[in-house]
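Order-wise, the sequence lines are chains P and U.
Note that the first sequence ends on residue 495 in this note's numbering; no numbers are left out.
Note that the second sequence ends on residue 361 in this note's numbering; no numbers are left out.
Hints may contain errors.
Said to hold, decoys possible - Computed cross-link-like contacts, DSS-like style, restricted to lysine-lysine with a CA-CA straight-line distance of at most 25 Å: (1) P:K154 <-> U:K137; (2) U:K186 <-> P:K324; (3) P:K147 <-> U:K264.
Said to hold, decoys possible - Covered stretches of chain P (in silico footprint by chain U; criterion: 3 or more residues with CB under 8 Å from a CB of chain U, positions within the stretch not fixed): (4) 141–154; (5) 331–339; (6) 356–365.
Stated by the list, open to error - If you want the footprint, here are the derived chain U segments under chain P, 3+ residues with CB under 8 Å: (7) 131–141; (8) 189–196.
Worth flagging that the hints you see were computed from the coordinates, not collected in a lab.
Virtual Cβ for every residue (Gly too), placed ideally from N, Cα, C.
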Amino acid sequence: MIYQGKQKIWSDYQKEIPDDHWFYVRSCIRQSFFPASEAHFVKIVRDLLGRDLYETPHHTTCGGIAYHSDTIPQETAMTIVARQFALMKEAGYKNLVTSCITSFGNYTEILETWREFPELETRIRELLWKACRREFDKPEYVAHASDLVYKLRGEIAEKAKYRLVNHATGEPLRIVEHIGCHYSKMFPHKGVGGAEYPCVLSGMAESWGGTVIDYPERRHCCGFGFRQYLVKANRGYSVSNTHKKFESMEPYNPDVIITNCPGCPYFLDRWQYVISEQTGKTYGRDGFGIPVLTYEELAGLVLGYDPWDLGLQIHQVAVEPLLDKMGIEYDPSAKYLGLNKEDILKPGLPSVMKCF
Amino acid sequence: MAKSIVLVIGGGIAGMEAAKQLLRLGIEPVIVEKSDHLGGHVAQWHKLFPDMMPASDLVEKMAAGIDGVTVYLNTQVANMNRLKDGFSVVLSNGVAVPCSAVLIAAGFRLFDASKKEEYGYGIYDHVITNSDLESWFNGAQDSRIPDNPANVAFVHCVGSRDLKAGNPQCSKVCCMTAIKQAIEMKEKFPGAEIWCFYMDLRLFGKKYEDFYINAQQEYGVHFVRGRVSEVGEDINGKVILKAEDTLAGRQVKLRADLLVLMSGMLCNEDTRPLASMVRADVDSDGFLRSRDNIYRICESNKPGIFFAGACTGTKTVPETLAEARAASLDIYNYLRGND
Chain P
140 MIYQGKQKIW SDYQKEIPDD HWFYVRSCIR QSFFPASEAH FVKIVRDLLG
190 RDLYETPHHT TCGGIAYHSD TIPQETAMTI VARQFALMKE AGYKNLVTSC
240 ITSFGNYTEI LETWREFPEL ETRIRELLWK ACRREFDKPE YVAHASDLVY
290 KLRGEIAEKA KYRLVNHATG EPLRIVEHIG CHYSKMFPHK GVGGAEYPCV
340 LSGMAESWGG TVIDYPERRH CCGFGFRQYL VKANRGYSVS NTHKKFESME
390 PYNPDVIITN CPGCPYFLDR WQYVISEQTG KTYGRDGFGI PVLTYEELAG
440 LVLGYDPWDL GLQIHQVAVE PLLDKMGIEY DPSAKYLGLN KEDILKPGLP
490 SVMKCF
Chain U
23 MAKSIVLVIG GGIAGMEAAK QLLRLGIEPV IVEKSDHLGG HVAQWHKLFP
73 DMMPASDLVE KMAAGIDGVT VYLNTQVANM NRLKDGFSVV LSNGVAVPCS
123 AVLIAAGFRL FDASKKEEYG YGIYDHVITN SDLESWFNGA QDSRIPDNPA
173 NVAFVHCVGS RDLKAGNPQC SKVCCMTAIK QAIEMKEKFP GAEIWCFYMD
223 LRLFGKKYED FYINAQQEYG VHFVRGRVSE VGEDINGKVI LKAEDTLAGR
273 QVKLRADLLV LMSGMLCNED TRPLASMVRA DVDSDGFLRS RDNIYRICES
323 NKPGIFFAGA CTGTKTVPET LAEARAASLD IYNYLRGND
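The following block holds chain U by itself, in its conformation from the complex:
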């Protein structure tokens, strides 16, 4: 009997992990990925909190797990129709993929920091994003990052928990990413003072609080509870931040050599058209809507359509991987007719 085929839309860590598990369950996954590489955002990252595991190690390990799986890079779903007992999918490269189920693992995109105009991304010379900094950690050249910064500032929640930016949800990972990057910058520039401007610190995961305390005690990172109201540039090209320190009850002004904006996670722009092809529901936050948010998170409201990872909401790497495994099992049970 021929193996059931499952189309996995998205070759990030959710799609890769799900493909690996589906293989183990005797199902044939086919991965379609719109970019030119597997691993999604994680492949661009340097190290992962809280263990500081190199992101490349994780992606390599996961790639080894899907050896032999059909992968279409630089490819998107052009059309998808429901059949009596499955789906007929046509890819942008012209390949037709008849499949029994579809797993959407389309991930997320980062908020475009230039939309928060007051922070001057794309305008001031030394303003970068969390993603830019990870690329630099990975060896990319970036003239915006000075050789010996005296002060480096991080602004949390850029475009997340921000009604005016149209994105009210918490990005979940930015607090820890900022702390991780603050530590990494301190390691690279021991003489620099590192400042984190935050609304709230949401350190919910295992070892997260330890990480935060360590950042203060071992690395001397300064945490200022307050939002940055505006950013300017002085005559020497230094970044000037104005913020409110809500704990001290005073305004603060900081002259920094580098400002890092922690861009939040948003739903991918192509998620909505993808959902409309199979009439899956989209939530008010733009992410895909699960059948419920407690018991059937990996299931859509339509039979045969499953979700994994950040396409349904912001998630950490471990949460994404756990969800990918859960989704694989849900698909296995669906194909076997188990409820």
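Pulled out of the complex, with its shape left as it was, chain P reads as follows:
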């Protein structure tokens, strides 16, 4: 591997990311999958690093999940997106930052479509006005939340309590980064580092002390792929894709997987349980799986937030081996205590993969 070759490509895909004043739009599903990720993004960006980040309770789904599942036409998704832009205009913001990769892809695809077909934008403006008497301005910048954390990675490193380094050996942790398909595969120039060798997550991992693994199936889909999973008959295909990735990354002994998509961490995490039950195989050390984190969760760990406040007990794969490697102090008995120390109940344990 010639690292300088990647750096050359990265230099071709530098994305302009404004430093401040963002209109933040959340994901439909991430708060169910990773309940503290978005909350910690807001805590880190707004409260810790002092950036202006605005949210509105009137924000809805962007329609991307329905569009990619073929249940609504693109014009409908466009009108929903136009309404989000109207909310942003009303709030006085010009920079849009999305939590969800599919939303990011949806917003980007729609703006590019309007650029190519301005008459369609005109029609959507009419439809929005008829539907809810709103008008919109197009955002000046659209970023994914991981773009913003990438931009702020140096400030996060300065405030870090822990590093992505093995506490016992001093060796950098071995990081697998997995980029959501809708981040840059459709529009390579809209993603930091392009589509083939994106550096949005690897840049974070390296800034925080880790080393990034490039394995043969790095670009392969996580297994979600919308219809691969949403159509029940296709779910074997979904898990087989995930299986292919784990078989490919296994020789590199990764310590953790980080992702920037709603679906990827969910499927890379949950399917490890399914694979272990089906085949008896686990991919972490000593019978554990490989922990799969969102980039906000990883940033939260680096900054010293409590792992259980970060929602890491919701993951299928046990995160304790990672916490131990990083030398993070945590209370094992508090794992299944939720807000106000309320017992959220310990789940049943898998028969193969070790969990706590």
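For chain P, the structure is supplied; the task is to place chain U on it using the hints.
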């Protein structure tokens, strides 16, 4: 009466052959070449298909044919103006060349394979181009080429017939070059399996089909009809290719010790500024535009400006040489006032 001077821009095989023919026709050619050697790309090549003639033999033979011709190496055209009965040309070395006609034989450049990011040229340790392999055949050291490869893969059409790469035209020579190089690799490494991934095999020339059949029957080269979608690297540094075998209707994955990318031919970057000096037309593909593509291929749309070789489009060596001869005759007739 003084001989007419013709400026030949480009000292590749087109320029050299045209200069030789112009000399024979009683015209004084002056060659200007931007690099430090004559022979262009062919001078860097090892053997030429289908006869496997050493490229150095051809270049040496051609160099002997232009003995005594004024040649300016490491030199480019700085300025060129049309006069009433010819051209006033100033070279980058300060030399002024008044001439009666100009032959543009500026050749081509190879597609930069690193632009096809999915193939990992410049990123993965064992990915090279057709040009790199020819240099290695000629004795250059290349640590990317392993000692005893078990599998060597060739990908055809890298940056040619590729709309996304901005280069829709066929490079014409890559199919045969890949087959030639596959045979040469098999000769060097008899134990290796050689794989060619192709879109279509365009084997139009004399002996080309024989060459292809021989590659399969005598050398056991595997031909897979399908494009490589992505390339990665495994933990041992081997190259992993993913492709579709469109004839078998299945996906294939190959672990190779070496991947050779057949970079396509593009117009030279300095062709456009050169054309603009004399207001010659440039075609939509970036190559120079001939008066037509059937009858007056060597003529530009401007009197006194002629073309030869790959500056007007991708060509094989024999086609280039034939065109250089034709261009010389066109120039001769132009100077004599023949239509």
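Against the structure, the hints come out as follows:
Restraint check for K154 (chain P) and K137 (chain U): satisfied, since their Cα atoms lie roughly 18 Å apart, inside the 25 Å limit. Between K186 (chain U) and K324 (chain P) the alpha-carbon distance is near 14 Å, which keeps this suggested pair within the 25 Å criterion. Taking the CA atoms of K147 (chain P) and K264 (chain U), the gap is near 24 Å; set against the 25 Å cutoff, the hint holds. With 5 residues carrying a beta carbon less than 8 Å from a beta carbon of chain U, the segment 141–154 of chain P meets the three-residue requirement, and the given coverage holds.
With 4 residues carrying a beta carbon less than 8 Å from a beta carbon of chain U, the segment 331–339 of chain P meets the three-residue requirement, and the given coverage holds. Beta-carbon proximity to chain U at under 8 Å applies to 3 residues in the segment 356–365 of chain P; the threshold of 3 is reached and the given coverage holds. With 3 residues carrying a beta carbon less than 8 Å from a beta carbon of chain P, the segment 131–141 of chain U meets the three-residue requirement, and the given coverage holds. Remark: the segment 189–196 of chain U is not confirmed as covered by chain P, as 0 of its residues place a Cβ nearer than 8 Å to a Cβ of that chain, below the required three.
In this structure, only the earlier hint numbered 8 is contradicted, and the remaining ones agree with it.
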